[in-house]
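Next come the chains, spelled out residue by residue.
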Amino acid sequence: AQTVTQSQPEMSVQEAETVTLSCTYDTSENNYYLFWYKQPPSRQMILVIRQEAYKQQNATENRFSVNFQKAAKSFSLKISDSQLGDTAMYFCAFMKHGPSGGSQGNLIFGKGTKLSVKP
Amino acid sequence: EAQVTQNPRYLITVTGKKLTVTCSQNMNHEYMSWYRQDPGLGLRQIYYSMNVEVTDKGDVPEGYKVSRKEKRNFPLILESPSPNQTSLYFCASSLSWQVVPYEQYFGPGTRLTVT
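These protein sequence lines map, in sequence, to chains B and X. Numbered according to my numbering, the first sequence spans residues 1 to 119. Numbered according to my numbering, the second sequence spans residues 1001 to 1115.
Some clues are possibly wrong.
[Said to hold, decoys possible] Simulated DEER-style distance windows between Cβ atoms: (1) B:10 / X:1013: 26 to 34 Å; (2) B:56 / X:1014: 49 to 57 Å; (3) B:55 / X:1096: 34 to 42 Å; (4) B:62 / X:1079: 27 to 35 Å; (5) X:1052 / B:12: 44 to 52 Å; (6) X:1115 / B:57: 27 to 35 Å.
[Stated by the list, open to error] To give a feel for the contact side, a few chain B residues facing chain X, derived at Cβ under 7 Å: (7) 13; (8) 14; (9) 43; (10) 45; (11) 109; (12) 110; (13) 112; (14) 114; (15) 116.
Because the hints were derived from the structure by calculation, they are not lab data. Treat the numbers as computed from the prediction; the structure is a model and nothing was measured. Quick reminder that beta carbons are idealized off the backbone N, C-alpha and C, glycines included.
Just chain X, with the same shape it has in the complex (with noise of 0.2 Å):
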């Protein structure tokens, strides 16, 4: 089945412990981008990738970090998660950047919560 991944789906953790949120999708995708989603907000995208060892920040990068060295996989890593990065993160991936319709497809969403 083709589909996004993230793990974990849940967490809670505290100031300060470095933590990582991994997503893998197995459509051969060349696009991968990350997105957090805050009430009242909506979704805003984090970083993304074009393609493996390609990246770029988004709009809300700050606090994060992430790596492209293999095409499936797309990691999230916060190094000092902060209270203010409590929220709902999705990854998200399509085909190419350069290929319509460019439709990008969501993994279920992890739900982290920093105390």
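If we strip away everything but chain B, and leave its shape as in the complex, we get (with noise of 0.2 Å):
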């Protein structure tokens, strides 16, 4: 069974910042994908980015990029320039990829790490 691992319950950082949280997965898939979900107070979830597993290079979002280090299952998301507006609930979420080509749908999320951006 695969699982997700967020090591930091909680984390602040100074407005305009860069910090970056941190995602371990454990999974015996090749394939698969990963997401960050950000929870901001009103609860809605938002997509913040995604990583197909299969692609080397690092996604980036404006001022949110992964660091994605398959050998070592680890998908670690970063803020540049925080803002305000960034304090919410962070989730990362693992997708595995099916055996038809297709996905088998099931999110696995960590537990979040509360991220708060201090003026």
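Taking the hints as your guide, dock the two standalone chains into a single complex.
Now the structure itself:
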């Protein structure tokens, strides 16, 4: 069974600085997908960034980027130029690639990291 | 506007009183899923549906039922709610479980309290 571990329950960062959230996962699969979701106080789940395991290039989305280390099974999220609106819970999630070429659809989530951006 | 809607958003009920949380999406998505979120546990999948009339258990299905009679709707049924089902529930959908990038769109959540 797959597991996702986020070892930092809480983190804080000063506005405009950079912060990195850690995520490790355990799987015997070779093909899979990784995601970071953001959950602000409104509780809405918002996709931040995704990474396909077969791609070596790290995904980036504006101020958000990942460091994907497949051999180490590590998938960290870097937030540059942190803004007050980045304050939220961040969840790392794993989805395996199904045998028929599709996904099994089940997102396995970590327990989350609560990020506070301080002015 | 493309969205996933859930109703009700908040519900307080008593043990044993059957309830249904509705979920509807207007994006013609094939795949739909229910998750529950508990403090310190993250989100865990309850049930999912790959298409109409096709449903399967997730990681924590006990005490829940689902149905998928129409593509857009995926209600979650608690036939005899118990206090350990007090949680925040999310419905999610994606275009298809067979199509990259499998991005799941989440509803706004339903806060359920069972006393």
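Taking the hints in turn, this is what the structure says about them:
| no. | hint | result |
| --- | --- | --- |
| 1 | B:10 / X:1013: 26 to 34 Å | holds (32 Å) |
| 2 | B:56 / X:1014: 49 to 57 Å | holds (54 Å) |
| 3 | B:55 / X:1096: 34 to 42 Å | violated (20 Å) |
| 4 | B:62 / X:1079: 27 to 35 Å | violated (45 Å) |
| 5 | X:1052 / B:12: 44 to 52 Å | holds (46 Å) |
| 6 | X:1115 / B:57: 27 to 35 Å | violated (51 Å) |
| 7 | 13 | violated (22 Å) |
| 8 | 14 | violated (27 Å) |
| 9 | 43 | holds (5 Å) |
| 10 | 45 | holds (4 Å) |
| 11 | 109 | holds (4 Å) |
| 12 | 110 | holds (6 Å) |
| 13 | 112 | holds (6 Å) |
| 14 | 114 | violated (11 Å) |
| 15 | 116 | violated (17 Å) |
The structure fails hints 3, 4, 6, 7, 8, 14, 15 (numbered hints given earlier, in ascending order).
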